[in-house]
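J.: As they're listed, the protein sequences go chains V and P.
In this text, residue positions in the first sequence follow my numbering: the first is 12, and each later residue adds one.
In this text, residue positions in the second sequence follow my numbering: the first is 75, and each later residue adds one.
In short, the hints are calculated from the structure, not lab data.
Be aware that one or more of the hints could be misleading.
Simulated restraints, written as ranges between beta carbons of each label pair [claimed, not checked]:
| # | chain 1 | residue 1 | chain 2 | residue 2 | range |
| --- | --- | --- | --- | --- | --- |
| 1 | V | I73 | P | L165 | 30 to 40 Å |
| 2 | V | I325 | P | W300 | 39 to 49 Å |
| 3 | P | T290 | V | L167 | 34 to 44 Å |
| 4 | P | S461 | V | S69 | 28 to 38 Å |
Some but not every residue of chain P turned toward chain V, in silico, with C-beta under 10 Å [said to hold, decoys possible]:
| # | residue |
| --- | --- |
| 5 | L358 |
| 6 | S423 |
| 7 | D434 |
| 8 | S461 |
One-sided and incomplete, this derived list gives chain V residues near chain P with beta-carbon spacing under 10 Å [to be verified]:
| # | residue |
| --- | --- |
| 9 | F126 |
| 10 | Q139 |
| 11 | L140 |
| 12 | S154 |
| 13 | F169 |
| 14 | T353 |
| 15 | V373 |
| 16 | E377 |
| 17 | A400 |
| 18 | A402 |
| 19 | T423 |
| 20 | R428 |
Model, not experiment: these values are computed from the prediction.
For each residue, glycine too, the CB sits at the ideal point set by N, CA and C.
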Amino acid sequence: MGAQSIQHTQIIEISGELPDTGRKICGEATCEFSDAGSISKNSVERSTSMRKLFIAVSLCVIFMAVEVVGGIKANSLAILTDAAHLLSDVAAFAISLFSIWAGGWEPNPRQSFGFFRIEILGALVSMQLIWLLAGILVYEAISRLIAGPQNVDGFLMFVVAAFGLVVNIIMALVLGHDHGHGHGHGHGHDHGHGHDHHGHSHGLSVSTSRDVKHTKDEHHHTHDDHTHHHDDEKHSKDEHHHTHEDHAHHHDHDHKDVTEPLLGESKAKSEKKRNINVHGAYLHVLGDSIQSVGVMIGGAIIWYKPEWKIVDLICTLIFSVIVLATTINMLRNILEVLMESTPREIDATQLQKGLLEMEDVVAVHELHIWAITVGKILLACHVKINPEADADIMLDKVIDYIKRVHNISHVTIQIER
Amino acid sequence: MTMEPIQTLNGDFGFTGNDRRFAFSRQASFQQPRTPISTDSTDLGLRKPFLSRTDSSIDIPPPGPHHHYWSGHDDKPSGSLERSNFSSFVLSVFRNIRSGHRYMKRLFFMISLNVAYSTVELLIGLFTGRVGLVSDAVHLTFGCGLLTFSLFVMGASRKKPDGDYTYGYKRLEVLSAFTNALFLLFMSFSLAVEALHAFIQDESEHKHYLNVSAVTNLFVNLIGVWFFRNYARINLAYRNAEDMNCHSVFLHVLTDSIRSAGLILASWLLSIGVENAEVLCLGLVSVAVFTLVLPLFRATGGILLQMAPPSIPTTAFSKCLRQISAREDILEVSQARFWELVPGHVVGSLSIQVKKGVDDRPILEFVHRLYHDFGVQDLTVQIDHAS
């Protein structure tokens, strides 16, 4: 009953954007994150991501079935282990798929912000899965080492790993490859990145270090010529040097580089913000490819020199560490959102300074800026103004400033005198 | 360092100190009102007839401990958890633990015990070449890693809020509880897989020498259970952030002990000739762990999902909204959103449309006071004047 009366009071109100100011007097709980513009963008982006993940899942299941049948026929444990690995991939994809789908559920009085956070939690769970798998692999390597000399078929290791690698690359392409269409920038739309991009420019929505308020270069490269230029601040711990047999990996690792969208500048950016769950699934696949490369190297060495069995363990260790390093950036982003911290795209000091510079504003306190998910930012603060000033006009000015300069449209301002 | 006083809600909702769902139901001294008492409440015609324990102040409620002013020169991230010199880091860790509350100390002791035990087991396993011991040691190390993370979070969550983390670091405790719960769910799943494995496999593979390690493991974990016995409930009513973290630690040691007990039982049953004992025991343990952990998982998940605070029923919220819109100068109330930062700390925002020319100060005070009684400390109210 109570819930219904809330719904009832809210339905009376006007919904949608008023043309005069940025002030939205929208009543429904759903309104904030689904005004006319963004709801279609959201659903387009969501269905694109879901389609991609769906393709990836089906491919994965098919390959897994092939490997299981082959493994049983050849009676090889290695192939079955790889099939189990693919099963973990399927699990991760399923989690991501569920998160994206659930993110679209309508808000209700219990979940007044909608279900956008499920994406973040789903990404967290799949990152944990990656860590768990890396740990299991290391443990397996150690136990294989301890169990003493075994008849390890280096050649079989190599072949199985190569097959796994091919599968993973195909899925990486499915997940990562994006033909620029329309305004479907997903989470980016709140920041005014309503620009098309054509061609294969890739970037990442995950952001970089915090001490950046200055301009950054863009980062885009094409598939064909692999030219890219980096910002100096981009390179965190993701330095890895690993041998590639496959050139496709080279552009893959660029995806961990980050570009930070410029505040309020509307340059034509060819930057695509990838849905965080698709990105998580992509990291999973990437991690698997790295592991496969490691196993291939180990298998090749053992095939060549069968007495160096410890190479298996060393390779596994090194490549597990590499895989974990790829997840760190994403984990940091997830952590920041879950801790309700100020998103990296927003320069809060400048925002506060700008507010204080406005006339009739005496003080600003209890300023909280946080994100419900990557790209959807909310702001709440108390603004103390001159007692003689008109509260309404001040409210309009403040909201307009925040929306125009910093591009946050979901604000709640308490004007005090 | 003193523990934070535990926030209590109005007696209306039946959360008295003797509620057995609380962690510290025996300790009445924690029932302190946390809210400030106003000194100069002028009359607004809205004076509450009874002085409740939670008197709100006249103006905007004085800022809680997380209030701060942004410093204009603060360009660099402060309080970033990743960058410190390693040795100073270790020293600060020890300093933190020594000054921490007793659960930190107990947890630290438990972790050291676990680490010592697993190192010994690992060495023995390596020397004697028994894979089972090594695998057990690795399992233990996983668990230790998680407990260390919980310990770290207990210390780190005491940090003051800063420019980047305007709400402070208390959420870390919820996160650590969530991670623990997730890991336990994974563990229950893997136990089920193990049971399946044992079902398919031949029983002669059962490693009886693991019994010794299982007994020791059980013993160590029972120490942990005793340390954290205050949190010995499945459906705990969480009153502050530390509750969740400590509850997750408790569940962790409890499930570990159940697992060891299950292994011992399976071994004994096998020795007296019960068939498929391993499958049965492992299956039982897996189901038990799952049911134990699920409430914690849902509670932490709910907070992380920005769900409305479960401690405040929806009827209370709608009652508030009705009371607000019943005032004659208020036209409509919208976008009422409430969420919990940590259990006990509710944050909310609200948008009110009033008639033109109405003085907003009394309305602000009224709304703040109204929600303050429900335990909503941080409220931001936007007042729009109808044109």
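J.: Hint by hint, note whether the structure agrees.
T.: To see whether the hints hold, each was checked on the structure:
1. V/I73 with P/L165: 30 to 40 Å: Since the Cβ atoms of V/I73 and P/L165 sit about 55 Å apart, the hinted range of 30 to 40 Å is violated.
2. V/I325 with P/W300: 39 to 49 Å: For P/W300 against V/I325, whose Cβ atoms are near 42 Å apart, the range 39 to 49 Å holds.
3. P/T290 with V/L167: 34 to 44 Å: Since the Cβ atoms of P/T290 and V/L167 sit about 40 Å apart, the hinted range of 34 to 44 Å holds.
4. P/S461 with V/S69: 28 to 38 Å: Cβ of P/S461 to Cβ of V/S69: about 55 Å, so the range 28 to 38 Å is violated.
5. L358: violated (23 Å)
6. S423: Constraint on P/S423 satisfied, holds at 4 Å.
7. D434: Check passed: Cβ of P/D434 comes within 6 Å of chain V, closer than 10 Å.
8. S461: Constraint on P/S461 satisfied, holds at 8 Å.
9. F126: holds (7 Å)
10. Q139: holds (6 Å)
11. L140: holds (8 Å)
12. S154: With a minimum Cβ separation of about 5 Å from chain P (threshold 10 Å), the hint on V/S154 holds.
13. F169: violated (25 Å)
14. T353: holds (5 Å)
15. V373: violated (13 Å)
16. E377: Result: holds, 7 Å to nearest chain P Cβ.
17. A400: violated (12 Å)
18. A402: holds (6 Å)
19. T423: holds (4 Å)
20. R428: OK, holds: V/R428 within 10 Å of chain P, min 7 Å.
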